[in-house]
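Please model the entire structure based on the sequences and the hints provided.
Our numbering numbers the first residue of the sequence shown as 44 and each following residue consecutively.
Please keep in mind that the hints were generated in silico from the structure rather than gathered at the bench. A quick note: this is a predicted structure, and the numbers were derived from the prediction, not measured. Some hints here could point you the wrong way.
Computed beta-carbon distance windows for the label pairs [stated by the list, open to error]:
{"#": "1", "residue 1": "A326", "residue 2": "V152", "range": "42 to 52 Å"}
{"#": "2", "residue 1": "G284", "residue 2": "F145", "range": "34 to 44 Å"}
{"#": "3", "residue 1": "Y125", "residue 2": "P45", "range": "47 to 57 Å"}
Derived BS3-like pairs (lysine-lysine); straight-line CA-CA distance at most 25 Å [stated by the list, open to error]:
{"#": "4", "residue 1": "K200", "residue 2": "K287"}
{"#": "5", "residue 1": "K122", "residue 2": "K200"}
{"#": "6", "residue 1": "K200", "residue 2": "K158"}
{"#": "7", "residue 1": "K158", "residue 2": "K287"}
Ideal placement from N, C-alpha and C gives every residue a C-beta, glycine not left out.
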Amino acid sequence: MPTLTDPRILVDASTRDDAAVYQLTPDRAIVATVDFFTPIVDDAYDFGRIAAANAFSDLYAMGATPLFALNLVGWPRDKLPYDLLGEVLRGGADIAQEAGAFVLGGHSVDDPEPKYGMVAIGEAHPNRIVTLARARAGDALVLTKPIGTGVLSTALKRDLATAQDLAPAVRSMTTLNAGAARAMRAIGDDVHAATDVTGFGLMGHLHNMLVASGLAAELHAASVPLLPMALELAASGAIPGGTKRNREALAEHVTLGAEIPEPLRVLLFDAQTSGGLLIAVAADRVDSLRAALEREATPAAVRIGRLTRGTPGTIAVS
Numbered sequence: 044m045p046t047l048t049d050p051r052i053l054v055d056a057s058t059r060d061d062a063a064v065y066q067l068t069p070d071r072a073i074v075a076t077v078d079f080f081t082p083i084v085d086d087a088y089d090f091g092r093i094a095a096a097n098a099f100s101d102l103y104a105m106g107a108t109p110l111f112a113l114n115l116v117g118w119p120r121d122k123l124p125y126d127l128l129g130e131v132l133r134g135g136a137d138i139a140q141e142a143g144a145f146v147l148g149g150h151s152v153d154d155p156e157p158k159y160g161m162v163a164i165g166e167a168h169p170n171r172i173v174t175l176a177r178a179r180a181g182d183a184l185v186l187t188k189p190i191g192t193g194v195l196s197t198a199l200k201r202d203l204a205t206a207q208d209l210a211p212a213v214r215s216m217t218t219l220n221a222g223a224a225r226a227m228r229a230i231g232d233d234v235h236a237a238t239d240v241t242g243f244g245l246m247g248h249l250h251n252m253l254v255a256s257g258l259a260a261e262l263h264a265a266s267v268p269l270l271p272m273a274l275e276l277a278a279s280g281a282i283p284g285g286t287k288r289n290r291e292a293l294a295e296h297v298t299l300g301a302e303i304p305e306p307l308r309v310l311l312f313d314a315q316t317s318g319g320l321l322i323a324v325a326a327d328r329v330d331s332l333r334a335a336l337e338r339e340a341t342p343a344a345v346r347i348g349r350l351t352r353g354t355p356g357t358i359a360v361s
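Written as structure tokens, this is what we have:
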């Protein structure tokens, strides 16, 4: 990516933040992101809902309010009926409506493998953007959704799990992070940093926050919330390729306690889709944040660790 120095560019790809931020006026900034992927569930409508919620999640992680979206579609026109694509788009439109945003158009291409996602556009006050880079030593880490979607969706593809087994994961993945974002705003400046947990997994997204903020972290593995059957299916070998790559890439940065069982080790690196927000909050406000998250009925509101001084990007898991 080119190096950009325009003062209107508040956040770009160089920081690994969840979305780009461009300042329009002293009190208004546009927040923009894009995400798309291949189906991870069998139901076309649910696939559309998951993909849309995943795209909007990047806006919520930055503290932005969604405005509108554009569809991105790859579709094998000679292999799958357009009625099926209609269900995908209906799912995306329903999630956009739930987010208070509009789907204003998009683009499609003929593609041998179906893909769907969105360009999502939101807005925020330039002084209230939540980034990766402002976490502080002593902050508590709070997670707002359980993990394990990568393992569960892989188990479905390998016939190790049924659609019914995947239902809790679908509910989690189609839950917007809007409530978590509102809870962050309620706490105000005491929320120092946040990110959504998606393809890099819990460890990968935490690592990015730590590098950006120049900090280390201590994580309690037993505190990390898990989706039903995630441990069992990880033990059965339903491990996505992305999860394996995450673990390999972070091997030199993450220290795992000997007492942590192998299936849980896998899940800490599991590549997520439409995961929750990982929030760094001042330690004396963690109870207030958790209470706000519970009022918003987020899928989880769990303190899983803390930030410390140390080699930037390193994570000690006990």
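Evaluate the given range 34 to 44 Å for the C-beta pair formed by G284 and F145. 35 Å, holds
Are K158 and K287 close enough, with their CA atoms no more than 25 Å apart? Status holds; Cα separation ~23 Å.
Starting from the range 47 to 57 Å, see whether the pair Y125 and P45 falls in it by beta-carbon distance. Violated, since Y125 and P45 (Cβ atoms, about 39 Å apart) do not stay within the stated range.
Given pair status - K200, K122, alpha carbons within 25 Å: Between K122 and K200 the Cα gap is close to 19 Å, so the pair holds against 25 Å.
42 to 52 Å as the expected CB spacing between V152 and A326, which holds or is violated: Holds: the Cβ-Cβ distance is about 49 Å, inside 42 to 52 Å.
Sort out whether K287 lies within 25 Å of K200, counting only the CA atoms. Holds, at about 17 Å.
Would the pair K200 and K158 pass a check requiring their Cα atoms to be no farther apart than 25 Å? With a Cα-Cα distance of about 16 Å, the restraint between K200 and K158 holds, given a limit of 25 Å.
The structure is inconsistent with hint 3 alone, although it conforms to all the rest.
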